[in-house]
Amino acid sequence: MRFVDEFRDSEKARALAAKIAGLCEPGRQYKLMEVCGGHTHTIYKHGLEDYLPEQITLVHGPGCPVCVIPMGRVDDAMALAAEPDVIMTSFGDMMRVPGSNGSFFDAKARGTDIRMVYSPLDSLKIARQNPDKRVVFMAIGFETTAPSTAMTMLRAAAEGLKNFSIFCNHVTIVPAIKAILDSPDLRLDGFIGPGHVSTVIGCRPYEFIAADYGKPVVVAGFEPLDILQSIYLLMLQLSAGRSVVENQYSRVVPWDGNVVALRAIGQTMELRPYFEWRGLGFISHSALKVNADFAAFDAELLFDVPGVRVADPKACQCGEVLKGVLKPWECKVFGTACTPETPIGTCMVSPEGACAAYYNYGRLTRTRVTEASRT
Amino acid sequence: MIEFFPDQPDLARVDVSGVRRVINVGLLSDEPPVPGDWVLIHVGFALSKIDEEEAASALAFLEGIGQAYEDELTALAESRIE
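Just so you know, the sequences run in chain order A and B.
Mapping of the first sequence onto numbering that gives the first Met the number 0: position 72 corresponds to residue 71, and the numbering continues sequentially without gaps.
Mapping of the second sequence onto numbering that gives the first Met the number 0: position 23 corresponds to residue 22, and the numbering continues sequentially without gaps.
Wrong hints could be hidden among the right ones.
What the hints assert, rightly or not - Simulated DEER-style distance windows between Cβ atoms:
(1) A/P312 / B/P5: 53 to 61 Å
(2) B/S28 / A/A291: 19 to 27 Å
(3) A/A239 / B/A74: 43 to 51 Å
(4) B/P5 / A/M115: 41 to 49 Å
To be verified - Counterexamples of contact, computed for chain B against chain A with all Cβ distances above 10 Å:
(5) L26
(6) L39
(7) E53
(8) G65
Bear in mind the hints are in silico, worked out from the structure with no lab data behind them.
Just so you know, even glycine gets a beta-carbon here, dropped at the ideal spot from N, CA and C.
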């Protein structure tokens, strides 16, 4: 496919890898965080770590929409779904996220009307087709997805739909990055910036990372060469002692983002004072709620949401994985009690989760490397 | 992007690797796409238009790196210091 295949050439990948290796200072270790789960997926799927010198460690960040949803919010959504005449709708990767009483799939098996949709517009259609039901859309995702929810609410308002609402769990990426920068357990050298989030918010919101924290940021595309080129650009900055924000993914990301999308978010949503993130705890101004003008579409006002706080299962170390403190395979239950089929933690649920990506692709390489080093 | 619907300006038909679907292009209303444009689609919405010039310049950079690497390999192969 155009704009895809050209960015997957293994010869060019080797050339970039050689350039990157040439920029490593002897004896120095580099930790680069890829913020976005889509990048984590590409890194494992294409075995990019094998191309990099051992001095560079890629640390997986919190940018997986499903992974950061705390168990309490899943339980709240379940309570909502169990209300009379409700049809709960949700994206596919939300369906397997475990709450304290199972996942959406488990609830569906018990008879709750929960339906998987591709787009919030599908939920809107379900609402039109079922005027005697109350259709709720479980909205999750970063700024990439929030505009779609916003546009859907605007559409619902224009049509005067009365049986459609949003259970809003949209989160914003910058406060999470800041929380990681301020966390004492992790020292990072630079950031592979999120690609799709940046199509909406642009590159400016990351400038504080370069200016105040002195860490370079390169907004990156999702093909293997995009990521390697971004690492090369980060290493160029580090070797020159510079820290600025660069945009490797300029074919898709405009420097100023998508103004129409930001306007749609601003029209329909506002920042919450704080929101709980799985593993990262409560972060100020890190999530969006439906604003007062669109209160008629706010499921949190229309229904009794218990607002429970549920601690993660003791065995689960998603928090450490999301902060990049632990590698997926260092978690006690990785690949044994916790697998993509029966996930305990969210990182094993979504294909963007570091644990699922590593389970599906990386562990094979790792096993091979370990075996090879034994012989 | 394949076709647009004059009565529904927010919608367009697209071809994604052979699958034809109607998507919402309302988020690109500042600079509406035209047939033949490539767009990034997320949950049924076009989020961004793909800039062909920027893609070409990224590829040119990668070609450059590849060439430099090949030149170096050739030079290395030709070098005999012993």
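Verification of the hints:
1. Checked against the hint of 53 to 61 Å, the C-beta distance between A/P312 and B/P5 comes to roughly 54 Å, which is consistent with it.
2. For the hinted restraint 19 to 27 Å between B/S28 and A/A291, the CB-CB distance of approximately 25 Å keeps it satisfied.
3. With their beta carbons about 26 Å apart, A/A239 and B/A74 fall outside the hinted range of 43 to 51 Å.
4. Checked against the hint of 41 to 49 Å, the pair B/P5 and A/M115 fails, with Cβ atoms roughly 33 Å apart.
5. Residue placement check: B/L26 does not keep its beta carbon more than 10 Å from all beta carbons of chain A (closest about 5 Å).
6. In this structure B/L39 is not separated from chain A by more than 10 Å, as the shortest Cβ-Cβ distance comes to only about 5 Å.
7. Its beta-carbon lying about 4 Å from the closest one in chain A, B/E53 breaks the requirement of being farther than 10 Å from that chain.
8. Consistency note on B/G65: stated as away from chain A, yet its beta-carbon is not over 10 Å from all of that chain's, at 5 Å minimum.
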